[in-house]
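Colleague: Given next are the chains, with one letter for each unit.
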Amino acid sequence: MTRKGSTGGKRAHNLDIGMSSYVALKSVAQRRVPEGLSQQVVSIRAMRSRVLLFGAMSTMTAIYENGVFRPLGIVRLPEHTRVEAVPEIPEASVIELEKTEVLAEVRALRGSLTLPAGTSDTDLITSARMDKYGHL
Amino acid sequence: MATSDLLWLDSDILLDWLGGRQPWDAPASELIERAISGEWQLAFSPLTLANIFYVYRKQAGTEKALECHRPVSRITHSSASPQTFLFRKR
Chain A
775 MTRKGSTGGK RAHNLDIGMS SYVALKSVAQ RRVPEGLSQQ VVSIRAMRSR
825 VLLFGAMSTM TAIYENGVFR PLGIVRLPEH TRVEAVPEIP EASVIELEKT
875 EVLAEVRALR GSLTLPAGTS DTDLITSARM DKYGHL
Chain B
7 MATSDLLWLD SDILLDWLGG RQPWDAPASE LIERAISGEW QLAFSPLTLA
57 NIFYVYRKQA GTEKALECHR PVSRITHSSA SPQTFLFRKR
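Residue numbers (this note's numbering), protein chains in the order written: chain A, 775 to 910; chain B, 7 to 96.
No wet-lab data here; the hints were simulated from the structure. In this text, a Cβ means the ideal position worked out from N, Cα and C, and glycines have one as well. There may be inaccurate statements among the hints.
Calculated pairs, DSS-like style, for lysine-lysine (alpha carbon to alpha carbon, straight line, at most 30 Å) [unchecked claim]: (1) LYS64(B) x LYS873(A); (2) LYS906(A) x LYS64(B); (3) LYS906(A) x LYS70(B).
Sample of chain A residues at the chain B side, in silico, Cβ under 8 Å [stated by the list, open to error]: (4) LEU877; (5) LEU898; (6) ALA902.
Short derived list, chain B residues pointing at chain A, Cβ under 8 Å [said to hold, decoys possible]: (7) GLY25; (8) GLY26; (9) ASP31; (10) ILE42; (11) ASN57; (12) TYR60; (13) VAL61; (14) TYR62; (15) LYS64; (16) PRO77; (17) VAL78.
I would like the entire structure built from these sequences, with the hints used as guidance.
Modeller: See the structure below:
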């Protein structure tokens, strides 16, 4: 990281910083400002535009539905930018997902059994138990 | 939880629901849906669970019976009392 000198009356400091997040850039820049200058204008100039571009949104939250990832926040990317996503599912979401799946399986059981017409439940159960254990 | 939130189910209600028997399928399904939403808590005896499994096995085969039993067993809670809770309220 290099720091260039102040410019004119604004006494701004330009900081050239490599790859890191925008938030980190800002905090680092603020830490490097000499004492007594902290109240002055500090501008951060990223050497590469992608530092600012991706650094500002290194992590984003999205919901996967209908085959598409839908971001939950503002996306600061040019249209048609290709990105790589590594799904990281919060534990609470996993539990919720499992619960939803189980309840969906339970719902699917409705009407899943074909029962013989005209047979009482008692006969049905007795017959099924006898089928399992045989006659007493 | 108020006592009135706990409903005891007998085999016939579960069979109505599983078999989609008319006209009892709709009210039986409403019971289950209310339990899924956490509004009510349903309970039945372990013997009922076993009987349902036997009926399912006889009518649909062991594999299907196990498929039916799997999700039910994941949402049931057995206690020392002679009753099994279905959709135990969280």
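Colleague: It remains to establish, for every hint, whether it holds in the given structure.
Modeller: Results for each hint:
1. LYS64(B) x LYS873(A): 29 Å, holds
2. LYS906(A) x LYS64(B): It holds: about 9 Å lies between the C-alpha atoms, which stays within 30 Å.
3. LYS906(A) x LYS70(B): Holds. LYS906(A) to LYS70(B) sits at ~16 Å (cutoff 30 Å).
4. LEU877: 5 Å, holds
5. LEU898: Since the shortest Cβ distance to chain B is 6 Å, the answer is holds.
6. ALA902: 4 Å, holds
7. GLY25: 4 Å, holds
8. GLY26: 3 Å, holds
9. ASP31: Given a least distance of 7 Å, the restraint on ASP31(B) holds.
10. ILE42: ILE42(B) check passes; min Cβ-Cβ to chain A is 5 Å, inside 8 Å.
11. ASN57: For ASN57(B), the interface hint holds, since the closest Cβ of chain A sits about 5 Å away, which is under 8 Å.
12. TYR60: 4 Å, holds
13. VAL61: Nearest chain A Cβ about 4 Å off; hint holds.
14. TYR62: 6 Å, holds
15. LYS64: 4 Å, holds
16. PRO77: 4 Å, holds
17. VAL78: 7 Å, holds
Taken one by one, the earlier hints all hold for this structure without exception.
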